[in-house]
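Participant: Listed below, chain by chain, are the residues.
There are 2 protein chains.
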Amino acid sequence: MAGMVVIYKQPADVNAFDKHYFGTHIPLAKKIPGLRKYEVSRGPITTVAGPSDIYLIGVLHFDDLDAMKKGMASPEGKAAGADRRLYAPDESGIQMFLFDSREV
Amino acid sequence: MAGMVVIYKQPADVNAFDKHYFGTHIPLAKKIPGLRKYEVSRGPITTVAGPSDIYLIGVLHFDDLDAMKKGMASPEGKAAGADRRLYAPDESGIQMFLFDSREV
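Listed in order, the protein sequences are those of chains A and B.
So in full-length UniProt numbering, spot 46 of the first sequence is number 46, and the numbers just go up one at a time.
So in full-length UniProt numbering, spot 77 of the second sequence is number 77, and the numbers just go up one at a time.
Just so you know, these hints were derived from the structure itself, not from any lab.
Honestly, I wouldn't trust all of these hints.
[Said to hold, decoys possible] Computed, partial: chain B to chain A, Cβ under 8 Å:
#1 V5
#2 I26
#3 K37
#4 V40
#5 S41
#6 T47
#7 V48
#8 S52
#9 I57
#10 F99
#11 D100
#12 R102
#13 E103
Computed from a predicted structure; not experimentally measured.
We treat Cβ as the ideally placed atom computed from N, Cα and C, and that holds for glycine.
Please put together the full structure from these sequences, using the hints given.
Facilitator: Structure representation (structure tokens):
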């Protein structure tokens with residue numbers, strides 16, 4: 001499998017973020033060809049030490065990195081990427097990691 | 001489900017990190033009661049913009065946050081946590097996020 005982990009810091013306007021993320025972004029992203037599973041954090045995100053400054057984590061799963069790259073390069077993938085820049089335009093508020101993974 | 005995402009920056013000594021992580025830490029962590037799945041990134045971790053300074057990402061899955069907390073508070077959970085401080089003692093080199101999640 002391959003995963004894309006997207007980590008969003010606390011947004012300035014939580015209601016606007018939620019409305020866009022759940023109402024527009026998820027439906028757009030779910031159209032990306034090759035997407036196998038889309039998980040979203042629910043409730044507070046903590047660290048072992050306590051609360052974090054992270055608001056939401058999304059994890060998108062594809063069969064492998066090649067499928068992920070093809071999906072992201074498709075019109076649907078580009079639309080989802082462009083949409084992300086609308087509700088989370090500040091790159092310093094986001095971390096996004098792409099990787100192949102295996103179960104151990 | 002609940003996930004624990006652990007993100008490790010590039011270690012100073014990759015060989016020592018790998019030896020400890022794969023040889024000692026994974027076997028210890030797999031004994032944590034309630035652990036349902038343990039995924040580890042394979043190969044380079046990139047961002048949409050290109051290479052990252054991240055070396056490895058581990059994702060541990062539990063049924064829910066309560067099961068995760070109980071697992072981490074068990075002797076096996078404490079042993080895995082203590083072991084992590086041996087191979088990755090610098091807290092600034094790690095991000096660790098705990099959260100409930102749902103499929104969308």
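Participant: Hints first: check each against the structure and report whether it holds.
Facilitator: Do the hints match the structure? See the list:
1. V5: Holds: closest Cβ of chain A sits about 6 Å from B:V5, inside 8 Å.
2. I26: Since the shortest Cβ distance to chain A is 5 Å, the answer is holds.
3. K37: 6 Å, holds
4. V40: 5 Å, holds
5. S41: 4 Å, holds
6. T47: 5 Å, holds
7. V48: At about 6 Å, which falls below the 8 Å cut-off, the nearest Cβ of chain A leaves the hint on B:V48 intact, so it holds.
8. S52: Hint on B:S52: holds, closest Cβ of chain A at ~6 Å, below 8 Å.
9. I57: 6 Å, holds
10. F99: This hint holds: B:F99 lies near chain A, its Cβ roughly 4 Å from the closest one there, short of 8 Å.
11. D100: This interface hint holds because 5 Å falls under the 8 Å limit.
12. R102: Hint holds; B:R102 Cβ to chain A Cβ min 5 Å, cut 8 Å.
13. E103: 5 Å, holds
In this structure, none of the earlier numbered hints is contradicted; all agree with it.
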